[in-house]
Amino acid sequence: MEVEGLRVRLPTPRGFATVVDGIDYHVEPAQVFGVAGESGSGKTMSMLALLGLLPAGAVVEGRAAFGGQDLLRLKGRDLRAVSGRDIGMVFQDPMTSLHPMLSIGQQLTEHMRRHLGLSRHAAGDRAVELLDQVRIPGPRSALHAYPHQFSGGMRQRIAIAIALACGPRLLIADEPTTALDVTVQAGILRLLDRLRRERDLSVLLITHDLAVMSSIADRISIFYAGRVVESGRRDELLRHPRHPYTRALLDALPHPEAARDTPLVAIKGAPPSPQQIPEGCRYHPRCPYAIEICATDDPPLVPTGGRRLACHVDPFGHE
Amino acid sequence: MSTLAFRMRARKRGGRTRPAWRQPLAVAGGVIAVAWLLVAIFAPFVAPYDPLAQTFAPAQGPTSAHLFGTDELGRDVLSRVIYGARVSVPIALLLVSLAAMIGGLVGALAGYFRGIVDGFSMRVVDLFFAFPAIILAMVVAAVLGRGLRNAALAIVVVAWPSYARVVRGLVLSVGDTEYVESARLLGASARRTLFRDVLPNVAGPVFVLATLDLANAILLLAGLSFLGLGAQPPQAEWGSMVADGAQYFQWWWIGTFPGLAIFTAVLAFNFLGDSLRDFFDPQTSWGGDER
Amino acid sequence: MNDNVPLSGDGPALELQDVEVVYERRGRERVRAVAGASLTVERGQIVGLVGESGCGKSSLARASVGLVPTTAGTVRFEGREVTPLTRRARPRELARLQMVFQNPYSSLNPRRKIGSQLADALDVLGLAPSADRRGRVEELLDLVGLPASAAARYPHQFSGGQRQRIAVARSLAADPSVLVLDEPLASLDASAQAQVANLLVDLSRRLSLSLLLISHDLAIVRHVADVVSVMYLGVMVETGPARSLWSLPLHPYTEALIGAVPHPDGSGFLPEALPGEVPDPAHPPVACRFHPRCPYAFDRCSTEDPVTLEIDGDRTVACWLQAGGGPPARPAERPKPLPLLHVKE
Chain A
1073 MEVEGLRVRL PTPRGFATVV DGIDYHVEPA QVFGVAGESG SGKTMSMLAL LGLLPAGAVV
1133 EGRAAFGGQD LLRLKGRDLR AVSGRDIGMV FQDPMTSLHP MLSIGQQLTE HMRRHLGLSR
1193 HAAGDRAVEL LDQVRIPGPR SALHAYPHQF SGGMRQRIAI AIALACGPRL LIADEPTTAL
1253 DVTVQAGILR LLDRLRRERD LSVLLITHDL AVMSSIADRI SIFYAGRVVE SGRRDELLRH
1313 PRHPYTRALL DALPHPEAAR DTPLVAIKGA PPSPQQIPEG CRYHPRCPYA IEICATDDPP
1373 LVPTGGRRLA CHVDPFGHE
Chain B
51 MSTLAFRMRA RKRGGRTRPA WRQPLAVAGG VIAVAWLLVA IFAPFVAPYD PLAQTFAPAQ
111 GPTSAHLFGT DELGRDVLSR VIYGARVSVP IALLLVSLAA MIGGLVGALA GYFRGIVDGF
171 SMRVVDLFFA FPAIILAMVV AAVLGRGLRN AALAIVVVAW PSYARVVRGL VLSVGDTEYV
231 ESARLLGASA RRTLFRDVLP NVAGPVFVLA TLDLANAILL LAGLSFLGLG AQPPQAEWGS
291 MVADGAQYFQ WWWIGTFPGL AIFTAVLAFN FLGDSLRDFF DPQTSWGGDE R
Chain C
828 MNDNVPLSGD GPALELQDVE VVYERRGRER VRAVAGASLT VERGQIVGLV GESGCGKSSL
888 ARASVGLVPT TAGTVRFEGR EVTPLTRRAR PRELARLQMV FQNPYSSLNP RRKIGSQLAD
948 ALDVLGLAPS ADRRGRVEEL LDLVGLPASA AARYPHQFSG GQRQRIAVAR SLAADPSVLV
1008 LDEPLASLDA SAQAQVANLL VDLSRRLSLS LLLISHDLAI VRHVADVVSV MYLGVMVETG
1068 PARSLWSLPL HPYTEALIGA VPHPDGSGFL PEALPGEVPD PAHPPVACRF HPRCPYAFDR
1128 CSTEDPVTLE IDGDRTVACW LQAGGGPPAR PAERPKPLPL LHVKE
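Protein chains in written order, with our numbering: chain A, 1073 to 1391; chain B, 51 to 341; chain C, 828 to 1172.
Bear in mind the hints are in silico, worked out from the structure with no lab data behind them. Please read all numbers here as calculations on a predicted model, not as lab measurements. We put the beta carbon where it would ideally sit given N, CA and C, even for glycine. Errors might be hidden in some of the hints.
[Said to hold, decoys possible] Coverage of chain B stretches by chain C, computed from C-beta distances (three or more under 8 Å per stretch; other residues unrestricted):
{"id": "1", "region": "197-209"}
{"id": "2", "region": "233-245"}
[Said to hold, decoys possible] If we take Cβ atoms under 10 Å as the criterion, some of the chain C residues that face chain B in the derived model are:
{"id": "3", "residue": "Arg855"}
{"id": "4", "residue": "Arg889"}
{"id": "5", "residue": "Gln929"}
{"id": "6", "residue": "Ser934"}
{"id": "7", "residue": "Asn936"}
{"id": "8", "residue": "Leu973"}
{"id": "9", "residue": "Phe1096"}
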């Protein structure tokens, strides 16, 4: 998928607020692409824009090329045909992302029968296969069970199975493990990694958790206040972050090697609300490396040394 | 509240958010409700004629002298509608206040003491809820005898259980919140938290319920009077006037105007109650400066 | 009641011994959320309690301050027994044992200004006559790094991190010697977590405040806590100094927990998962509660409940693998008595 110039504006009492302001990225086949950012960075909104799930009155600009079509230009039935069949979605809260009143089998087969035209029998078999792939024990009897009979981790696996039901090429996962315990999270991450390899699946992984990102993402984009501030390969970006925000995010995490009683490094201030985007570089009010130009000129995202960076100063460029 | 959630709420309001008291429906509701209240208070000054005087030509349609026409006995309908407000609106207010106090007390005690007190009072409440409101009101009114006072009593009997339920539920849920637990940990007794933290948070929803209940009370009173159990002739009361109008269908003004009065008053209180619900939610009433 | 009774000797600030907490489920069987857990917080110490969902750590936290009654075992605060709350006011002697809750959105009354809530705390405690109250409120806000102007605002006008700090300020009004915090960082983003974590450590050192910090986030607990206790399905499986526990876990569950934490170092390290699921606390496994999922389990694990063993002076562990004595060693390095219960393919 190739996203170009994505811009999302939402209606507010005081006019429109731009929550996503010119985002570009592309997701290669069989690649895990990570979108990282804090809440309010626009990472969820940009994903909702792709799927046509924004609230009424939202204005979307840009292009999202997927399978030869522009997702942003599709409406209604056409969009649902693509998003239902070729894109799978997994959301954060496993407790609410499954329909409580329908059996697992019904939820799995519903999509398959609709988009792939399978018979009930064939869909059932395929459903059992999917449940097995996501390692649900006793898949055949699980078909008749209901969501409340499963734990959070299992429900997330089922949600992934449902997302994969029609054989999509792209799986979008929004904070898929945030609500889960760490051992359960590890299981889901391993599952996603395996599925990616076995099925040649691309994954768009959205999360604020850089450690999770580091486990399975191949490439990462860091979002801040509706823009991409840095993007590149996972190992390079996390080992040698160049944008001050990326570095600050990593510094805020506790380090295994840090001495006792050293305070954790918190980022001063808070991300700006969409109505109060600073002039110049969006991050400059919180940036310890900001210089004069940062307050007046918004740095463009430019390729440099194998990654893309939006910073005038590039304080760590030498590393 | 996350930005996304705030947008969703904005959408429910037709895409634009404003402080609750500036919503057009709420304003309209408030204005009409207050208008009826003023009419009720100042009826003698507002009504052009004596509502009981049967001195005019009977069954005349609306004219400039009689804007709402006259009824079958020659009484001015407009004056009767105005005086009817005196019966419906203030009485409804009184009844609802009474029901709220009784029900609220029962509910608060049930929620505070829990255990047997709770069990017993809620079974009593269930008993009352087992009967449809109008049937119960009719039975009580019929047993007590005709007349406005007995109809009023019947309405209180029918209305109090809702408050008991609501207040009990709120006392229980608010009592379990973490800010109440914090207060308890600091050393506040249960009674202290009841009055300082729980009841203030209960007041809002009760107020909203009461405002909406006002509409019901007006309707119920009119209904009882319509059936002959409430206000007795020759008293001017909207419900009995509608009953009259149903008899004399060809003279449409006799029943239609009191009916419209009921309609507008009930609608006004419903809008008002709806907007009060938002007013009491601290996140929407000053939600302008959300992050 | 003499409020000024000095602290009894130099015993621990908070001590839980063999505590049991039971919940009745409507119409169903009783659940032992905590099934005999012991924990000690020394003066000025920061103790971290970690475990995953269903381990009972929240129930333990609530029992430790008296919000929930215990069905067995004792809870002692500075030597005095902690009695559960009744409708009456909590005993004065327990005022210095306070709690901060997880959700900063529900732990403050949304309809009252911050200043009013803090002043109320002082009022309840009978500290600071009304004339001094405002000054004391400002002091409390300052202690948590918030400006005095915050007192005039409502909770919803603050961010999650700030609200959590306000909640801490409220508990500080009681001049506590022990603060129990139930997942205080869970609903916060990384930057706010760092700020609040720093604040807690700072307060602990400055005010000689003992902290019992309950969290599922191992990385933060390891950074902040002096001692860490690990809980699984209602029992303590291991306790020890934070550093040594992390570098040399003694219990297989601790080892699994550490192995499951992802690293943000760009290395692509895939964390290890634990097979199986956490069992229903109402029907825990026989004997060692962890044995169905333990890669090293052997026959004794399914027949005898492990005893809590003391290792190396300051560590305890409840595992039969460690019963052989000798220097502390990881489960993987311990000789495995055969036959193993689970054979890896």
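Structure-based check of each hint:
1. 197-209: Our answer is that it is violated, as 0 residues pass the Cβ test (under 8 Å) against chain C, missing three.
2. 233-245: Since 10 is at least three, the answer is holds.
3. Arg855: violated (20 Å)
4. Arg889: holds (9 Å)
5. Gln929: holds (8 Å)
6. Ser934: Hint holds; Ser934/C Cβ to chain B Cβ min 4 Å, cut 10 Å.
7. Asn936: holds (5 Å)
8. Leu973: The hint is violated - Leu973/C has no Cβ within 10 Å of chain B, the shortest such distance being about 16 Å.
9. Phe1096: violated (31 Å)
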